[in-house]
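What follows is the residue order along each chain.
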Amino acid sequence: MGSLVTTVLVVSGLGALLALLLYLVAKKFKVVEDPRIDQVEKMLPGANCGGCGFAGCRGMSEALVARDDISSLYCPVGGGECMKQIASYLGKAAAEREPMVAVVRCAGSCENRPKTNRFDGASSCLVASSLYAGDTGCSFGCLGLGDCVAKCDFDALHINPATGLPEVDEEKCTACGACTKACPKHIIELRKKAPKERKIYVSCVNKDKGAVARKACKVACIGCGKCAKVCPFEAITVENNLAYIDYAKCKMCRKCVVECPTGAIVEFGFPPRKVAEVEPQTAKTE
Amino acid sequence: MMKTFPIGGIHPSDCKKYSKDSAIEQFPIPASVTIPLSQHIGAPAVATVAKGDKVLVGQVIATAGGFVSSNIHSSVSGTVTAVDDRPDAQGNMKPAITIAVEGDEWLEGIERDGAQKSLGSLTAEEIVAKVKEMGIVGMGGATFPTHVKLSIPNGKKAECLIINAVECEPYLTADYRVMLERGEDLLAGAQLLATAIGVDKIYIGIENNKPDAIKYLQALAKSQTNVRIVPLKMRYPQGGEKQLIAAVTGREVPSGGLPIDVGAVVQNVGTALAVYEAVVFNKPLIERVVTVTGSTLASPKNLLVRVGTPMSALIEYCGGMEGVGKVGAGGPMMGRAVSNIDAPVTKGTSGVLLIPTEDALRQTEGSCIRCAKCVEACPMGLEPYLLSTLTQRGDYEELEAHYIADCIECGCCTFSCPSYLPLLDWVRIGKAEVMKRMRERAAAKK
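Just so you know, the protein sequences line up as chains A and B, in that order.
Counting from 1 along the first sequence, just add 4 to a position and that's the residue number in our numbering.
Counting from 1 along the second sequence, just add 8 to a position and that's the residue number in our numbering.
Isolated chain A (complex conformation) (with noise of 0.2 angstroms):
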């Protein structure tokens, strides 16, 4: 009997001072954190795709819970309701940015680029791009390895097994631009997206000489400068041979659609068109 006595003293001792020390060192060590940084990150998506510059939604709560001034702060994920909720909840001004989308400027299929030889290492764009130019004869466009969709979180762009370019599902693209950065040859690029999912871009990266792309793909830009002549709105410029449109100031006019002479330049999501001449119309974007 004796002896239980002991063991239940002695246990139920070591019980309370153990728990005294716990006690202490919890008070000692203690780490204030606000409880908004909870609160903030449920109202994030949750996606940790690190489309805000952070790791993950953790460190952009925490961002957005400490800085006085959180404009520069957005989640593209989110997008701007979400951006608005966290802002009311913490009583700051929210960042407002227009939605994005990512958008493949490339149209190298098999049928416009034809094949100049095979590449048979890593099945990546970035072990391709780091031994030579690519399989065609323009070595500035898409390698079609798919280091995009495989950094893609979520599932918005495939290969086109018809093409063999990646296409972005505009619907579950969020422009966490992690496509951007993964691709080698810096061909995806998040643009303004427009309703009804219109879309007019120039769909060429190559920077070689007219007849260089020309030769090497049917639906190079040429840097022939007529979208840039024709554009009301001086939405284009043509640089180092290459077009580029300005999403801020095209007002989707597609008069430039119909200038260039390869079909660099693409159209997406408008109605199919009545006469060759388009009238001039200003869309409305917004």
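Don't read these hints as lab results, they were simulated from the structure.
Any given hint could be a false lead.
[As the list claims (entries may be wrong)] Quick list of in silico lysine-lysine cross-link-like pairs, DSS-like style, CA-CA up to 25 angstroms:
no., chain 1, residue 1, chain 2, residue 2
1, A, K119, B, K334
2, A, K211, B, K102
3, B, K444, A, K189
4, A, K253, A, K197
5, A, K219, B, K444
6, A, K189, B, K102
7, A, K211, B, K59
[As the list claims (entries may be wrong)] Listing some non-contacts, in silico: residues in chain A with all C-beta distances to chain B over 10 angstroms:
no., residue
8, L24
9, D38
10, L77
11, A99
12, C114
13, R122
14, A126
15, L130
16, L135
17, G138
18, A166
19, D212
20, G214
21, R218
22, K233
23, P275
[Said to hold, decoys possible] Across the chosen pairs, the derived CB separations fall in these ranges:
no., chain 1, residue 1, chain 2, residue 2, range
24, B, G389, A, E243, 55 to 61 angstroms
25, A, E263, B, D350, 31 to 37 angstroms
26, B, R447, A, K185, 16 to 22 angstroms
The C-beta atom is built at its ideal place from N, Cα and C for all residues, glycine as well.
Following the hints, put chain B in place on chain A, whose structure we already have.
Then chain B, alone, in the frame of chain A:
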């Protein structure tokens, strides 16, 4: 027991039989040459000629763009037709000078009779200056500017010169032919290099698959007491600088260190010959011996080719592209696949290798079975399977901790993998990224 390096290595079939018995042949001067401005490691050279300029053979057409850079000389006489971007062997656009050939007029002062000359009494500085002026770079393939290697950094001391006559790459026989045909000049070049770095001991490392070269050089070197021919047991990558030092001297270059840290300077056979010609004949590096070989070729050859000649011309000369599935510049182990065969021969092109269609493609890649064959094969004692996985994961800190920067990219890992994993493809990516980070860190510290 014949000497060799201590760890790793593989034993591929040497395949030198195709071209080893064909004597070096002067390749005819083409109608036009394209001379790239970046034929060496380091800053690209800066063009000093413009379109329309007349140039002579041996005239400087681009000057070094920094200390680690090299002069470039015209390999032909004629008119400059363009100074612009041209696709290199991998299809990337790189700045180059294109010259339309007219005749073969050499710059005055270059001696062309080729007669043996006494070396005279040149000082180290004079030799290094000459090497720099004549645009000599390492001709084994790495194309590191030779004058940089010969400029021993303060506080370091060279103890021996090692001439790399290993030619461990299968197929290549350019160095082998130089040893047999230009043995005396080669030894004279080695003596000049030894004077330049202020050492007395010269070792010439040759693998035992070239017994006649060993015998011939041994006979020649009898009168030169400071030269020792070191026969080495055949094993790839014995021609790697660090492996050769270990094989010949038994010393190990520390991780992240240079050969000079163990008192060694290594120079290739082709480089030694080029140095001899530069110092004695005033001849810049404008031509080199290129092995054009492969089992499909009618007549594989060792050709003395002017820099800037298109590779396609060499292939045509030796039998054409029939049955060829892949072209490589350099040997099969460390050479790079060529996607544009019209690209020019450069200072570093040791060979043009034609691989038949049936051997051109790699096998289908499987999964790692953890057999550790790559670990066993790695001559630097690294773990290639791990480095490859970590690279795919993007864990660069861990990669650095596993000494990825020590990789010499010899390809033993990929060669030995029974699952045909593209190990080196990945390791190279990881190494490039880690080296970039290390350089940035070093720059930030300054």
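Structure-based check of all given hints:
1. A C-alpha spacing of about 15 angstroms is found between A:K119 and B:K334, which places the hinted pair at or below 25 angstroms, so the restraint holds.
2. The hinted pair formed by A:K211 and B:K102 meets the criterion: a straight-line CA distance of about 13 angstroms does not exceed 25 angstroms.
3. Under the criterion of a C-alpha separation no larger than 25 angstroms, the hint pairing B:K444 with A:K189 is consistent with the structure, at around 19 angstroms.
4. For the suggested pair A:K253 and A:K197, the alpha carbons sit about 13 angstroms apart, so the restraint of at most 25 angstroms is met.
5. Between A:K219 and B:K444 the CA atoms are separated by roughly 36 angstroms; this puts the pair beyond 25 angstroms, and the hint is violated.
6. With a CA separation close to 17 angstroms, the supplied pair A:K189 and B:K102 stays within the 25 angstroms bound.
7. Straight-line distance between C-alpha atoms of A:K211 and B:K59 comes to about 23 angstroms, which keeps the hinted pair within the 25 angstroms bound.
8. At roughly 41 angstroms, the least C-beta separation between A:L24 and chain B is larger than 10 angstroms, which holds for a residue marked as non-interface.
9. The Cβ of A:D38 lies farther than 10 angstroms from every Cβ of chain B, with a closest approach of about 30 angstroms, so its non-interface assignment holds.
10. Distance check on A:L77: its Cβ is at least 24 angstroms (rounded) from any Cβ of chain B, clearing the 10 angstroms threshold; non-interface status holds.
11. Interface exclusion of A:A99 from chain B stands, the closest Cβ pair being 29 angstroms apart, more than 10 angstroms.
12. With a least beta-carbon separation of about 17 angstroms from chain B, A:C114 lies farther than 10 angstroms from that chain, consistent with its non-interface assignment.
13. For A:R122, the shortest C-beta to C-beta distance to chain B comes to about 8 angstroms, within the 10 angstroms cut-off, and the non-interface label is violated.
14. Distance check on A:A126: its Cβ comes as close as 4 angstroms (rounded) to a Cβ of chain B, failing to clear the 10 angstroms threshold; non-interface status is violated.
15. A Cβ of chain B approaches the Cβ of A:L130 within 10 angstroms, the least distance being about 6 angstroms, so the stated non-interface status is violated.
16. Distance to chain B contradicts A:L135 as a non-interface residue, since its nearest Cβ pair spans about 7 angstroms, not more than 10 angstroms.
17. The Cβ of A:G138 does not lie farther than 10 angstroms from every Cβ of chain B; its closest approach is about 7 angstroms, which violates its non-interface assignment.
18. Listed as outside the interface, A:A166 is consistent with that label: its C-beta sits roughly 24 angstroms from the nearest C-beta of chain B, beyond the 10 angstroms cut-off.
19. A beta-carbon of chain B comes within 10 angstroms of the beta-carbon of A:D212; the shortest separation is about 7 angstroms.
20. With a least beta-carbon separation of about 15 angstroms from chain B, A:G214 lies farther than 10 angstroms from that chain, consistent with its non-interface assignment.
21. With a least CB separation of 16 angstroms from chain B, A:R218 remains clear of the 10 angstroms interface cut-off, as annotated.
22. A:K233, annotated as away from the interface, keeps every beta carbon of chain B farther than 10 angstroms; the closest lies near 27 angstroms.
23. Every beta carbon of chain B lies more than 10 angstroms from that of A:P275, the smallest distance being close to 41 angstroms; the non-interface claim holds.
24. Distance hint for B:G389 and A:E243: a CB-CB separation of about 49 angstroms, inconsistent with the stated range 55 to 61 angstroms.
25. Range check, A:E263 to B:D350: Cβ separation about 35 angstroms, and the 31 to 37 angstroms hint holds.
26. Range check, B:R447 to A:K185: Cβ separation about 21 angstroms, and the 16 to 22 angstroms hint holds.
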